[in-house]
Amino acid sequence: MNAPEAQRITLKFDALTPAPGAMEVPVGVMLPRTYWQTVGVRLARDPYTAACAFILLAIAGAAVLAPWLGLPDPAATNAAQRLLPVGSSGHLLGTDELGRDMLSRLIHGGRLSLTMGVLPVAVALAIGGTLGLVAGFIGGRTNMLVMRLTDVLYAFPSILLAVAIAGSLGAGVGNALLAITIVFIPPITRVTESVTTQVRAMDFVEAARASGAGAFRIIRTHILGNVMGPVFVYATVLVSVSILISAGLSFIGLGASPPTAEWGLMLNTLRESIFLAPLNAVLPGFMIFITSMCFNLISDGLRSAMDVRL
Amino acid sequence: MNTREISTGHPAPLLSVRGLRKYFPVKSERFFAPRLMVQAVDDVSFSIEAGETLGIVGESGCGKSTTARLLMRLIAPDAGEVDFAGRPVLTEDGLSLRDLRRNMQMVFQDSYASLNPRLAVQDSIAFGPRAHGVPGPKATAKARELLSLVGLDPDQFGRRYPHELSGGQRQRVNVARALALDPRLVILDEAVSALDKSIEAQVLNLLMDLKARLQLTYLFISHDLNVVQYISDHVLVMYLGKAVEVGSVEDIYHRPRHPYTQALLASRPTMDPEVKLERSPLTGDPPNPINPPPGCRFRTRCAFAEDVCGRVEPALTSCGATGHAVACHMHIPDSSHSRRQ
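Protein chains in written order, with the numbering used here: chain E, 1 to 310; chain A, 1 to 341.
Calculated from the structure, these hints are not laboratory results.
Don't be surprised by glycine CBs; every beta carbon is placed ideally from N, CA and C.
A portion of the hints provided could be inaccurate.
Said to hold, decoys possible - Straight-line C-alpha distance at most 20 Å; calculated SDA-like pairs for lysine to any residue:
| no. | chain 1 | residue 1 | chain 2 | residue 2 |
| --- | --- | --- | --- | --- |
| 1 | A | Lys197 | A | His223 |
| 2 | A | Lys27 | E | Gly212 |
| 3 | A | Lys138 | E | Met144 |
Said to hold, decoys possible - Reference listing, derived: stretches of chain E covered by chain A, where coverage requires no fewer than 3 residues with Cβ under 8 Å from a Cβ of chain A:
| no. | stretch |
| --- | --- |
| 4 | 193–207 |
| 5 | 210–216 |
| 6 | 221–228 |
For reference, chain A alone in the conformation it holds in the complex (with noise of 0.2 Å):
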């Protein structure tokens, strides 16, 4: 369907993110009060292959969602480089905005809200080819094959508005939408977090079946370990706007350096009814973001937390296999904490 090749032999990555860097002010209380600034995302810097499926997982307000819009440009990034197939983006000689979001779009977690309640779903789904100057008919014909493709028939359900169509269908007409101007990379934020199980399973194998006919790399953001798990090739762990460690699927879910991807992956219930929980892995809130500890976000919950942690910011560092980078004294050969290994 799409011969869009992907170059082998030395490939540069197709998104590549230097010290991704987003500070919300916070409105303060009193008018000369210091202004406050909420570390959204803080030097998060990673690579995604073309063809390959990077997941991001965290906790609620660890930054994910702001990565993605950082990504799409939603909103401005306050530092950072993004390369974008090569090409740096929005540079004097780089990748356009318009040309980024070509080649880049992204599927929203609530499915109703992102669509416009007042436009038949075709006609949402060729907005976007519209707004890049393919001429009405035409678009709209985009749509219909759209529609079928994300396995809706477009006589059925083209010309139904989106509270005509169930959670499932909505998802899938946002995929349909995110398609429509033949992107290479698609982020899907929390994209089938909202759907019920079965439903969330059928979307899945959407997700990877459009991924293999279209040659689609996705960065996949969730809450959900196991279905990350499923879905991914890497996994990026963030915490409280930083990434705490990254690498395959195999090494994040096999093997974990560190105690908060531990903690994370210890937290998932099991499907075996006879092993319990004894005691809950990771206890209390993280942090407050606006004024995050000093050294090591994670020490304040973390069981191996010493004097290190609390002076030194652990630096992404890699360990083991190929891929797999930690940020963590335990495994930052040079640090003085006494579990180093």
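In isolation and in its complexed conformation, chain E is listed as follows (with noise of 0.2 Å):
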């Protein structure tokens, strides 16, 4: 029946030898971490993510603790003291226009500016995610009907879109959340659709088809995990411009009204003061800069740290 047993080559199923090195290392050291502790390890040994990492947790830990690190109050203003400079006596950052403490408004305004920052990026990717996730699983009309509608606010600039969004609910930072929200779904969405519609096509998930698994069981085991990395270094990009939007919408006086601390705003009240006070006047587009550049730089990060097989 089968070809003559001379042809047959032994099998010896100890012969096989794993990758080199890795019998010298104890069973119990090498038993690989899962997939997130490796990225985790990986991060920790990349210096430039460390330190981004670093400088956000400062900014974010002092935003948070902002009400017990006794600063002066944010919102005291003081008309004997206006733009005193940087370095000044009591006042370590100088003060604003109204004779506000620049340090206590920057840290407090770190709390708003980072909210700003983040809530509307996860809530668009809760919600984009999602779409583009049954969008690309399950292609076809669906698919076309869902990148269709997205592609609709697509077509208009973000700025422009959250402007008119803000502009039409009114101001206020609720409503400037929500614009920044709507502005993101879109990108969000189309990012995670082909993302999952490449991973959708690959050997493993046919193999787990043909396994007779459910789709979500799938979409959980399968491709949630392959399409959540590069959707999360997508979103971390998205935290720095939503930052700027928000910086945006606040200094046209759509987002947060005075006299709340906030990075956008306060830039927008002291650009009168840049000829007198140039440096007070730059340092809430300093934090700007920082924190989305932070957040620039983590995503770098991740996306190489992700990458497992580099």
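Join the two chains into one complex using the hints; note that each chain is given alone, in its own frame.
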């Protein structure tokens, strides 16, 4: 029936050699970590990402703990001490055009600015991510419908759309948050959909279908883990965009309103003093710059740390 | 290990396929252009007895893989009936898709792409049983058992990720994954083609060993004639979506009837360096499957083509030994071919 017995090559199960170097490590030590643990270790070894994470944590920590840091009241004005230069005694980073302590306002401002950066992205991630996952996995007409609908929103430049939505809803932090969330849903849907479509076409998803598993189980076990990475990286970039848009909305009067401390708003009100105290006027912009750059660099670090094949 | 009995006496074939057909629509360039179809698999019939290995050979694009995916119902056939163990598949009172997939599993060619890069291999293997309701720890235990069955130490390899394994090791994992549901039929779609020759031999031997131990039946798809000869009991030769010849390994390799089979076999390099191929036994590419030539599809490259070959499509006709059938006018008794035998 089968080929002659003489052709058979002796089969030795034990003859398989593991990857070089693997033998020397005791089994207990090399028990591999889960995927996310591996990513964590790789992230921690990346100096830029670690530095950025440290800076962000410092800013966020200070913002969260602001009321307990013994800072001067960020809303207390002092007409006699307007626009004190950076380094004045009692006001480390000077004061603004109404004599409010800059350091206190920058730290307190982080609370709102960081919220405005993270919250819309998180909500948009939940909504857009689900839409994209469903559209990408089901494909066909469903995909067409979802993607063409998001294309309608996608056609407008993001800032313009945010301004239009916030403008029609009226000024205020809540409306600004809503506007930015709506702006971010289409791009997140699009990215999730394209990654899902790619992953779905891979052999291991085919193999999972061949094992008779249901769609939900396949999505949970095989699709989600492979889609989450790239989408998460993209979302990190959006956080910095979100901070910039919300600062922009506050700047044109559609976001936070005075006397709330918020970086975009501070930039706006200090704008008129830029020739009198340029350094003070630039400080909120500097905070926006540092924060969004940190998010961007962390996103880069995540991207390379998550590529386990490197 | 596995006590599944193979019915003897009057065996219905384990898998019986009749008139399997799949045409893929091609995107037309103009909007109102007539819809073009690639005739990927056209009216293919065959059967596999329990415990044997059927090899399918043919050039790239002849429909081998499409046949495999049709059988697994990863794509839906346009026509054709499939019986598994005597029961019709996906009919009213027949075998459900879930049952079919528990009994029939597949190993893919690309060992890397067919494993989830984010999942430890033992979790990949355990996925199938878990989807069929086996509780997690039990499924993992089963996965580790299967790993040792395919020659990988579960302690050493179970928690590794696909990129931490070599090609041969990954393909062993894929074999283990295919076996996780205790299937009766395993489709091996170019399962060893991407491996080094030495590893290929190891995996082939493993496959034959597993077949004997677990009483498996194989559908072995490959373009490698030597490998198919080594592993198969019966062989099906495909050309442009059609079955052109089917028979036992002996018949196909020693008494090939179809000019295409003869040309394929002649194109094999020999182990003897003194024997040199004087000229290529087969020239040109297969014609476009979108517009296959009428009549015999092979006639455009066939040295014996005559008028009748262009007019009438030769049916698969049994000839000589039992089970040996060929679709060629030269072997159809009442055809008007001058070389009719």
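Do the hints match the structure? See the list:
For the suggested pair Lys197/A and His223/A, the alpha carbons sit about 14 Å apart, so the restraint of at most 20 Å is met. For the hint pairing Lys27/A with Gly212/E, the CA-to-CA distance comes to about 31 Å; that exceeds 20 Å, so the pair is violated. At roughly 41 Å between alpha-carbon atoms, Lys138/A and Met144/E are farther apart than 20 Å, so this suggested pair is violated. Using a Cβ-Cβ cut-off of 8 Å, 5 residues of the stretch 193–207 of chain E lie near chain A, which meets the minimum of three, so the contact claim holds.
Proximity of the stretch 210–216 of chain E to chain A, defined as three or more residues with a beta carbon under 8 Å from a beta carbon of that chain, is established by the 5 residues found. For a cut-off of 8 Å, the count of residues in the stretch 221–228 of chain E with a CB near a CB of chain A stands at 4, and the three-residue condition holds.
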